[in-house]
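Just so we're aligned, residue 1 is where the sequence shown starts under the UniProt record's numbering, counting upward by one.
A couple of the hints might just be wrong.
Stated by the list, open to error - Derived CB-CB ranges, DEER-like: (1) A150 - C79: 38 to 44 Å; (2) M335 - I290: 15 to 21 Å; (3) I88 - K310: 22 to 28 Å; (4) L146 - I88: 23 to 29 Å; (5) S192 - M335: 56 to 62 Å; (6) L149 - Y282: 31 to 37 Å; (7) G74 - D319: 24 to 30 Å; (8) K6 - L51: 53 to 59 Å; (9) Y4 - I88: 48 to 54 Å; (10) L51 - L308: 56 to 62 Å; (11) K188 - F377: 49 to 55 Å; (12) L157 - M360: 29 to 35 Å.
Said to hold, decoys possible - No more than 30 Å apart at the CA atoms, straight line, and that leaves these computed lysine-lysine pairs for DSSO-like: (13) K259 - K310; (14) K230 - K326; (15) K223 - K357; (16) K310 - K320; (17) K357 - K230; (18) K313 - K326; (19) K275 - K223; (20) K357 - K275; (21) K188 - K320; (22) K320 - K259.
Hints in this document: simulated from the structure, not taken from any laboratory. Bear in mind that the values here come from a model prediction, so they are computed numbers and not experimental data. Built from N, CA and C at the ideal position, the CB exists for glycine as well.
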Amino acid sequence: MKKYDKITSRHASKIYLHMVDNSYIGSSDDVSRLMDRVEASFIKHFSKSNLSEGMDILSSKKKKERHVTTFFSGLFSGCTISLLICLILVINLRNVIKKDGFTQYMETVFPLYSTILATAALACVLANLDMELDISTKKYKAITELLPLALVSVILLIIVCPFNIVYRSSRMFLLRTTFRSISAPLYKVTLSDFMLADQLSSQGQALRSVAFYICYYTSNDYKRRETYCKADVVYNSFYIALTAFPFWLRALRGINGFKYLSIVLSVSIVTAHSKRHTMGLYVMAWISAISAAVVSIYWDIVFDWGLLQKNSKNPWLRDKLLVPHKSVYFGIMIMDVLLRFAWLQTVLNIQVSFLHKEAMVVVVACLEIFRRGVWNFFRIENEHLNNVGKFRAFTTVPLPFNYHELEDKMSE
1 MKKYDKITSR HASKIYLHMV DNSYIGSSDD VSRLMDRVEA SFIKHFSKSN
51 LSEGMDILSS KKKKERHVTT FFSGLFSGCT ISLLICLILV INLRNVIKKD
101 GFTQYMETVF PLYSTILATA ALACVLANLD MELDISTKKY KAITELLPLA
151 LVSVILLIIV CPFNIVYRSS RMFLLRTTFR SISAPLYKVT LSDFMLADQL
201 SSQGQALRSV AFYICYYTSN DYKRRETYCK ADVVYNSFYI ALTAFPFWLR
251 ALRGINGFKY LSIVLSVSIV TAHSKRHTMG LYVMAWISAI SAAVVSIYWD
301 IVFDWGLLQK NSKNPWLRDK LLVPHKSVYF GIMIMDVLLR FAWLQTVLNI
351 QVSFLHKEAM VVVVACLEIF RRGVWNFFRI ENEHLNNVGK FRAFTTVPLP
401 FNYHELEDKM SE
């Protein structure tokens, strides 16, 4: 009633409470004695006869409103946008794109920083651009190149930290789920396992950056700020294998293995085409990429989201919908088609005048992450509706008869 009064500003609780106080429930001593018996039983069996502990559990607690998460989300989002604007202004005002070494910078430094958190990465990029302006600081190239490695090392140390700090339970859950995903199919598949594997399948660019990290720092290319990784056969093989690895994990964890095997084949061919531009690989990349995209779109919409059911109560959607506006479902289907084909940019090699090709790759990778976020929402929605509808997750099962009608018939 307090919530109702707060939202509607009608102050109706006084009328209802007055009615309850004058009713049998509000004035009967039997109800009070029954409440005392329930409290005594609860304290005896659930709090080991500890009166204060039992009453503390039974007493209703008002949830405190916490705005810390909202505050820091807004703060860091604003800082990220501000740093991004500053970066664009610095690049344009100083004509960095037209300077010598820009291509080399985009092929080495940019992939290194594109893997890290946006705020820290952009701050380091700005600092790195400025350090080259002074001739006396050019001898520190090797030191500045170690900044991305330091950031990655800090993040990895935080993830594996055994102490009960920085959301330890969440970090341990992530590590356990990752281990189960890598160990597929040796364990029973759970929701968290295949969901994490699906998230990893959208992190292809991040995994390629990891491969570049390993090659760049183990070959000591960072000391010269040059890279010869692309000419290394071992690196190219590892590059392809690491990109296809998440899809292979997902293929081992579901009956839709054909879908992910087709994506593994497509990703391998497309990645090989990005390393060796031959006509044969170009044609194979086109065919495999389009085939994998079509299969993935169909599986996303029909099986993962449960849509396109022509005989449902909601034409071309499904019987039960949690979002009240049906146009949202048609919108996400169109969005999924467009963003699934967006990664064909790696085959088409589409270039924009104001973006370097490496920046274009990052933009496409961000679009894929956005698509995966939308996919997660409607995938969980469909999973929830299936669990409830098929009574895989429930509190009570509805009986196939009306209890009151049955009681009336028996009394007759």
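Evaluated hints:
1. Separated by about 20 Å at the C-beta atoms, A150 and C79 break the suggested range of 38 to 44 Å.
2. For M335 and I290, the Cβ-Cβ distance of about 19 Å falls inside the hinted range of 15 to 21 Å, so the restraint holds.
3. Between I88 and K310 the CB atoms are about 47 Å apart, so this pair departs from the stated range of 22 to 28 Å.
4. The given range of 23 to 29 Å is respected by L146 and I88, whose C-beta atoms sit roughly 26 Å from each other.
5. Separation of S192 from M335 is about 26 Å and departs from the stated range, judged on CB atoms against 56 to 62 Å.
6. A beta carbon spacing of about 35 Å between L149 and Y282 agrees with the range 31 to 37 Å that was offered as a hint.
7. For G74 and D319, the Cβ-Cβ distance of about 39 Å falls outside the hinted range of 24 to 30 Å, so the restraint is violated.
8. Distance hint check for K6 and L51: the Cβ-Cβ separation is about 33 Å, which falls outside the suggested range of 53 to 59 Å.
9. Range check, Y4 to I88: about 49 Å between beta-carbon atoms, so the 48 to 54 Å window is met.
10. The hinted range of 56 to 62 Å is satisfied by L51 and L308, whose Cβ atoms lie roughly 59 Å apart.
11. A beta carbon spacing of about 25 Å between K188 and F377 contradicts the range 49 to 55 Å that was offered as a hint.
12. For L157 and M360, the hinted distance range of 29 to 35 Å is satisfied, since their beta carbons lie about 32 Å from each other.
13. The hinted pair formed by K259 and K310 meets the criterion: a straight-line CA distance of about 23 Å does not exceed 30 Å.
14. With a C-alpha separation of about 48 Å, the suggested pair K230 and K326 falls outside the 30 Å cut-off, and the hint is violated.
15. Only pairs whose Cα atoms come within 30 Å are accepted, and K223 paired with K357 is accepted, the gap being roughly 24 Å.
16. For the suggested pair K310 and K320, the alpha carbons sit about 13 Å apart, so the restraint of at most 30 Å is met.
17. Between K357 and K230 the CA atoms are separated by roughly 16 Å; this keeps the pair inside 30 Å, and the hint holds.
18. With a C-alpha separation of about 12 Å, the suggested pair K313 and K326 falls inside the 30 Å cut-off, and the hint holds.
19. At most 30 Å may separate the alpha-carbon atoms for a hinted pair to count; K275 and K223 meet this at roughly 24 Å.
20. With a CA separation close to 14 Å, the supplied pair K357 and K275 stays within the 30 Å bound.
21. For the suggested pair K188 and K320, the alpha carbons sit about 29 Å apart, so the restraint of at most 30 Å is met.
22. Distance hint between K320 and K259 is fulfilled; the C-alpha atoms sit about 26 Å from each other, no more than 30 Å.
When each numbered hint is compared with the structure, violations occur for hints 1, 3, 5, 7, 8, 11 and 14.
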